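Residue numbers (our numbering), protein chains in the order written: chain A, 1110 to 1467; chain B, 1110 to 1467; chain C, 1110 to 1467; chain D, 1110 to 1467.
A hint or two may mislead.
Just so you know, same-sequence chains aren't split out, so a pair can sit in one copy or run between any two.
Stated by the list, open to error - With a straight-line cut-off of 27 Å between C-alpha atoms, the simulated DSS-like cross-links for lysine-lysine are:
(1) K1278 <-> K1264
(2) K1374 <-> K1144
(3) K1202 <-> K1394
(4) K1342 <-> K1202
(5) K1355 <-> K1121
(6) K1282 <-> K1264
(7) K1325 <-> K1293
(8) K1264 <-> K1342
(9) K1264 <-> K1121
(10) K1394 <-> K1375
(11) K1138 <-> K1342
(12) K1374 <-> K1325
(13) K1342 <-> K1278
Simulated from the structure, these hints should not be mistaken for lab results.
Computed from a prediction, not measured in an experiment: that's the story for all the values here.
4 protein chains.
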Amino acid sequence: MVQPIVDVSPPKWHLGHTTWFFEEFVLSKFYKGYKRFHDHYAYVFNSYYESVGKRVVRTDRGNLSRPCVEDIYKYRSYVTNHMNEFLNQTLTKEHTEIIEIGIHHEKQHQELLLTDIKYILGNNPLLPVYDIDAIDALVEPQNQEWIEVPEGIYKIGHSNEGFSYDNEKPQHKVYVEPYSISNKLVTNGEWLEFINDNGYNQVLLWHTEGWDWVQKNNICAPHYWFNENNQWKHYTLNGVQNIDPKAIVTHISYFEAFAFAQWCKKRVPTEFEWEIAAPNFNFGKRWEWTESAYLPYPNYQKPPGAIGEYNGKFMVNQKVLRGYSIATPDHHARLTYRNFFHAPLRWQFTGLRLAQSI
Amino acid sequence: MVQPIVDVSPPKWHLGHTTWFFEEFVLSKFYKGYKRFHDHYAYVFNSYYESVGKRVVRTDRGNLSRPCVEDIYKYRSYVTNHMNEFLNQTLTKEHTEIIEIGIHHEKQHQELLLTDIKYILGNNPLLPVYDIDAIDALVEPQNQEWIEVPEGIYKIGHSNEGFSYDNEKPQHKVYVEPYSISNKLVTNGEWLEFINDNGYNQVLLWHTEGWDWVQKNNICAPHYWFNENNQWKHYTLNGVQNIDPKAIVTHISYFEAFAFAQWCKKRVPTEFEWEIAAPNFNFGKRWEWTESAYLPYPNYQKPPGAIGEYNGKFMVNQKVLRGYSIATPDHHARLTYRNFFHAPLRWQFTGLRLAQSI
Amino acid sequence: MVQPIVDVSPPKWHLGHTTWFFEEFVLSKFYKGYKRFHDHYAYVFNSYYESVGKRVVRTDRGNLSRPCVEDIYKYRSYVTNHMNEFLNQTLTKEHTEIIEIGIHHEKQHQELLLTDIKYILGNNPLLPVYDIDAIDALVEPQNQEWIEVPEGIYKIGHSNEGFSYDNEKPQHKVYVEPYSISNKLVTNGEWLEFINDNGYNQVLLWHTEGWDWVQKNNICAPHYWFNENNQWKHYTLNGVQNIDPKAIVTHISYFEAFAFAQWCKKRVPTEFEWEIAAPNFNFGKRWEWTESAYLPYPNYQKPPGAIGEYNGKFMVNQKVLRGYSIATPDHHARLTYRNFFHAPLRWQFTGLRLAQSI
Amino acid sequence: MVQPIVDVSPPKWHLGHTTWFFEEFVLSKFYKGYKRFHDHYAYVFNSYYESVGKRVVRTDRGNLSRPCVEDIYKYRSYVTNHMNEFLNQTLTKEHTEIIEIGIHHEKQHQELLLTDIKYILGNNPLLPVYDIDAIDALVEPQNQEWIEVPEGIYKIGHSNEGFSYDNEKPQHKVYVEPYSISNKLVTNGEWLEFINDNGYNQVLLWHTEGWDWVQKNNICAPHYWFNENNQWKHYTLNGVQNIDPKAIVTHISYFEAFAFAQWCKKRVPTEFEWEIAAPNFNFGKRWEWTESAYLPYPNYQKPPGAIGEYNGKFMVNQKVLRGYSIATPDHHARLTYRNFFHAPLRWQFTGLRLAQSI
């Protein structure tokens, strides 16, 4: 039920919120005679509209002592049962489209559920193990090679076959200069070199806003890292581990990714460079920061109604991440998928693949 | 497990903290061979010293996902069992004194536990009932009378017979001018007159700091009050109720108590005036704000060691409250008891008894 | 000497800072035997590096009671005289390049000087006239037409003939979809329609961050606007004037530009669309917001040394503005010039030209 | 014109404000036919009421670029001339009383003017000399002695002969326990012992709020002190000087005064103890912190009207200081004078005289 920072939601809220999505956008709209489980749950579990309540000054998700976990499970059963009934009816395209979005929405929250739990436990003074079998430090198996891509006009974005979010569309052409991109992700060992070369203290490597963030928060290593008796360690889902130099670095911000790339005279790839080259390399262990700002594609159309709020309203001051991570559920990954976070955020399984112009 | 504001602790923390008190100050100091239940619990449940941990940047009590409630109950059983064993040994005066403080400390937290729960539920959008039988709105049975007290030198403070906290001692003489003090507490009906006379908008009634607080927080009524369709209501432990004009007003800040007294051309009594006159009136429903700043009595001695931190370090920028409230456990009240809170705080069952100089 | 917000510097600081640029990067580096005017001025007037002083906890530019204006003029004369001497020597390409940057740097500050003065006076309760002849409300002379641009690959950026900043280079190709762009800027009359249609209260028109900004700051009109007796007025450099519906709207944020465009079902152009079409329309009255994030061009090279800090370190979380404004000095404008500010800022003479996809 | 912290006003504002006092409370009320110098100056220079302007979102005193210093001098001449005319008329007791308050009010601001200038210059990176002859570091001439005072009832407060502020009245009786008080103020040498004994790092010496203040602001010495090459120095009105161990310590907060007293097992005297013993010792170099909270005396009467706002509204969360300082104008000192500041403030010439119970 905890919410240590505003970006992290309490686990039980995810459960209620993904359930509410089906109640709000499917059952109460399309299933005749459906009666909501509880009048106030829409208010509690709605993340879309500003919470303006006549009786409550302000509510934080972390302060939701009620409904209790048991009640939320009852809510979930109730909605699941009604969804099962509804699915036995004849469904229109409008129905299946919104249900499909609801499923993908839930997958997004499955990933957030795990990363939020990691954050919550990783900030607990007892640093408890989440799952002894959950290995989140992964060795990078590739040796360094550079995949070259010639200049040209490339098609970017989703072709409209199968499901995608609105922000991946429409497919459009982008002119790209020649570049090469790494076949592997940056490792802890490489990151330790950056730390040991005083990278976190060299102002010229950083954006002004990145430098302010480093100073204000005393950042000196990726999130979850700490130094004990001259040994770097980090909190992982299976507890505290020594840093393995061969493993992929994770829980870094865009600010750090940029500074690291400056330090080694490379750069962070654009999302277009990533999407063009991705079929030639392995990905899927870390969300990979790109240099691209999260902006609408040419001819982007915001869907009508509340669903239209899903993506477009976030298209300012965020950076695009591409690929997917070990926390992403199956079938939720696409070459064209555009994830996005603010530059300082680190609680997702983020990583860095370098690029360079040629 | 929630902590909606910094003054309010999550219920399970109270449970662990009061348990830890006995482990820290009794068992681990005096019970030979005692082994702590868990190495890190002292860190988690210690409210006395700054939490400086080598591995955790910062921890909030509201984010304590671990230890879970079940573990805290185990901790409590463990400590209770060892305390029972220890109590069967021959105890010195030093032992009994610290145990007595531990018991009183726990009673304080019993009260906080209830007021914190009220705050947590009262900020929940569902406004859940805590206990259908918990009546916290109480009718004031007295008609207005004024108890006159002549000028003179009075003895103030605890005589040293029986238990008291250090801040009630030593007993000392105070010269007091003649005054009269109300036999009853201010009621909701009287407070509604203040509201309707625009009391919350008359700057000249308020301290500068009080006025800033009103403006910044849009204060227009006691805490838990809200106006729905021209009917004033409030959240109580047995749910939302209409405001009863005959009931005692509660959940007011010192700032409001002062402004109300200014408005009706009376004043808030000093803690000395309160203590002298208290045997002549009923008290015990509400903590009663006084005009007195929380300061050490002449010849106040801070006890040695960590126990010495108990009271003295708070003796600046707080106001004294006297009496006790419906949430106070039995045998935790004394005529000389000095409670203290910051001027804007309202989540305790606070109230106001007026005085005037004569 | 005032600094009402962190983005605005006191006028005398601009004077000292532009002078310091020549002392720091020209005279003390290249003019043999040059003696600095004052040992501490580099510390006072340096905007490039973090102000870390051993004797001063922190200094704000707005608190610079010393040096006084007279001393800064002496400093300026001293540096000007030495620059004149230096210019009579044989100069290398390295010399002329940095001097040219210094001149352009000073022109930038000339514009800031005027907009900062407007901000300072416009926040003064007396709303004083700056210059009775300074007309900053300008009628838009064009009738609405739409300039169509076909899809294709276009060259963007500076060709390297004549001066430009590093951020305009290198010239490179961009693929652009077909679009049309307005021949005129949005007017006050059009903005009043947006206000009257409740545009500032329609959450769906805004980015989430824009909406938060509107709510937190009670934004309901462009900066400097106020409503008095049902008449919209604004502060201008020649004092308070009624809003002229035919004049160009100014002092709007990117957030407002975006919401306005959403409201009229158009969009904010990208900086590429702007640069391609700009030769076909009049510009130069307002800095025109674009949809583009401020990012490096492909193959962007940061110059070595402190000058390299000039632009690159700001390339995150800012939006590009194109064109120039009535406050821009002569010869400081270029078709390829990239100005940049954070999305909520409004104190520059900003405006909006609409675009649409076709 | 600068205002580095909210407690410090720009010098020119003091000039306008003290002038405005006579215009507002004397001339415009009692001098028939008086025409205000400028309609908006009441708004600009009024410190009594909330600045709520229909055209200005918010104004800070430090941002008052207008009126300029010259205009304020004209304003002052104008008001002085009219006051001179008015003083030639027949004055009632009401007139002379408010004029007397105006004169004392101006003396208060004369002191603030000097301490504010010291603060402004002392925060300037150039650390400029204010006046080469202004010696504010003063050697304490007394050897340590303790003045004993027997218990008893003492008269406290102003007898009503001659001028006093409302907060010094009425005279009343206070019962005081036996105590002794130092004949001298604490010196820099004694304070250095406290620093060297790690006093700023011993949590048990401090109030909780004091400790938070120390931690948050990295307090490690009195204000204006800094350590350069192992030599303690401080900024004074005649520039930077080495710390003289024989001089009186100054620019300390109440929090520090309390911690220092705890450290040497003494205490800060109450304002009553101070007033009783003051005739037996020298005072007038430093405002002396007392343990007393700033509260109304028994039977305190707030004067009617705006003048009533003068003192009473500050009577919460502040500490009383007694005596006067080297910055206090002549004839502005009284044995019964009650100055008051918040516990962390240090920019006045504050000092500490120790007491102890006997």
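Hints, one by one, checked against the model:
1. For the identical chains of this complex, K1278 and K1264 are neighbours both inside a copy (11 Å) and across copies (25 Å), given an alpha-carbon limit of 27 Å.
2. Taking the shortest alpha-carbon separations for K1374 and K1144, neither the intra-copy value of 60 Å nor the inter-copy value of 37 Å comes in at or below 27 Å.
3. Proximity of K1202 and K1394 under a CA criterion of 27 Å is satisfied in neither setting, with 34 Å inside one chain copy and 50 Å between copies.
4. In this homomeric assembly, K1342 and K1202 never come within 27 Å of each other (Cα to Cα): the closest approach is 51 Å inside a single copy and 48 Å across copies.
5. For the homomeric pair K1355 and K1121, neither the shortest alpha-carbon distance inside one copy (36 Å) nor that between copies (42 Å) is at most 27 Å.
6. In this homomeric assembly, K1282 and K1264 come within 27 Å of each other (Cα to Cα) both inside a single copy, at 5 Å, and across copies, at 16 Å.
7. For the identical chains of this complex, K1325 and K1293 are neighbours neither inside a copy (32 Å) nor across copies (43 Å), given an alpha-carbon limit of 27 Å.
8. When the C-alpha separation of K1264 and K1342 is checked against a cutoff of 27 Å, the pair qualifies neither within a copy, at 43 Å, nor between copies, at 50 Å.
9. In this assembly of identical chains, K1264 and K1121 lie within 27 Å of each other by CA distance neither inside one copy nor across copies; the values are 41 Å within and 52 Å between.
10. Taking CA atoms no more than 27 Å apart as the test, K1394 paired with K1375 passes inside one copy only; the shortest distance there is 21 Å, against 40 Å between copies.
11. Within a single copy, K1138 and K1342 get their C-alpha atoms no closer than 51 Å, and across copies no closer than 34 Å, so neither meets the 27 Å cut-off.
12. Taking the shortest Cα distances, K1374 and K1325 sit within 27 Å of each other inside one copy (26 Å), while across copies they are farther apart (38 Å).
13. Taking identical chains as interchangeable, the C-alpha atoms of K1342 and K1278 are never at most 27 Å apart, the minima being 42 Å within one chain and 43 Å between chains.
Hint compliance for this structure: hints 2, 3, 4, 5, 7, 8, 9, 11, 13 are not met, and every other hint is.
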